[in-house]
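**Q** The opening residue of the sequence shown carries number 18 in the working numbering; numbering runs sequentially from there.
Calculated directly from the structure, the hints in this document are not laboratory data.
Be aware that one or more of the hints could be misleading.
The list that follows gives simulated cross-link-like pairs (lysine-lysine, DSSO-like), each with its CA atoms no further than 27 Å apart [what the hints assert, rightly or not]:
# : residue 1 : residue 2
1 : LYS102    : LYS87
2 : LYS80     : LYS205
3 : LYS80     : LYS34
4 : LYS205    : LYS87
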Amino acid sequence: MTSPSGWWELSGDLVRKACGVRAALAARALLTWLNEAVDACAQLPTEQEYSLRCIFPALRQAKPNDDSTKDWFLQLMARTQVAFKETEDESAKLYLCDVFMLSVIVFSGIWTFEPDIEVLIRSRACRQALLPAAAATLLAREPWTHCTLQMLEWLSHTRTATSDASMAQCCQRALLALRHTEHFTTHKIWIRLESHFAVTDASNSDD
Numbered sequence: 018m019t020s021p022s023g024w025w026e027l028s029g030d031l032v033r034k035a036c037g038v039r040a041a042l043a044a045r046a047l048l049t050w051l052n053e054a055v056d057a058c059a060q061l062p063t064e065q066e067y068s069l070r071c072i073f074p075a076l077r078q079a080k081p082n083d084d085s086t087k088d089w090f091l092q093l094m095a096r097t098q099v100a101f102k103e104t105e106d107e108s109a110k111l112y113l114c115d116v117f118m119l120s121v122i123v124f125s126g127i128w129t130f131e132p133d134i135e136v137l138i139r140s141r142a143c144r145q146a147l148l149p150a151a152a153a154t155l156l157a158r159e160p161w162t163h164c165t166l167q168m169l170e171w172l173s174h175t176r177t178a179t180s181d182a183s184m185a186q187c188c189q190r191a192l193l194a195l196r197h198t199e200h201f202t203t204h205k206i207w208i209r210l211e212s213h214f215a216v217t218d219a220s221n222s223d224d
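Build out the structure end to end from the sequences listed, making use of the hints.
**A** Here it is as structure tokens:
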């Protein structure tokens, strides 16, 4: 009953119930319980903020340095990149970015510096502002340092995959916040950024 993949059609009421139940299970067991709820909400913009409200406590309950938490996060990034290739729906892309950002902010502990948790849940701009520091903090910690390359690749891919200027800029700031990492140099992330700046400057000059 709480598996949206088995429904004939999605409805707001059913998705809300599924989000609540699956988030509660994720808080007690594994974060993989969130996956189908996230997939369903990507297709229902009206339920996306509600889903973040459900997801947040589950993320807080997860043990951030456990392998199961790290593995779920790596799967989230991989599933998001696949979804980006399969959909042109920008609201779906931005929602998946919201789940990614909220996860990084919670797992890093940066969320504790936000005095109003309601703002963190409701405001994409707040999440975007916190992401660079959260990413740098998270990846400086074991076992998350082993995820550095995957996050650099995710940020680099998302920066060009989204048509939302604020999200692209957020990814760019997060990449710059990770410029001290070994993978930033060895995988020539800086060259990608320079290429992006060159294209942007050329577009601006044409205007």
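**Q** Hint by hint, work out which the structure violates, then give me just those numbers in ascending order.
**A** Per hint list: single violation, 2.
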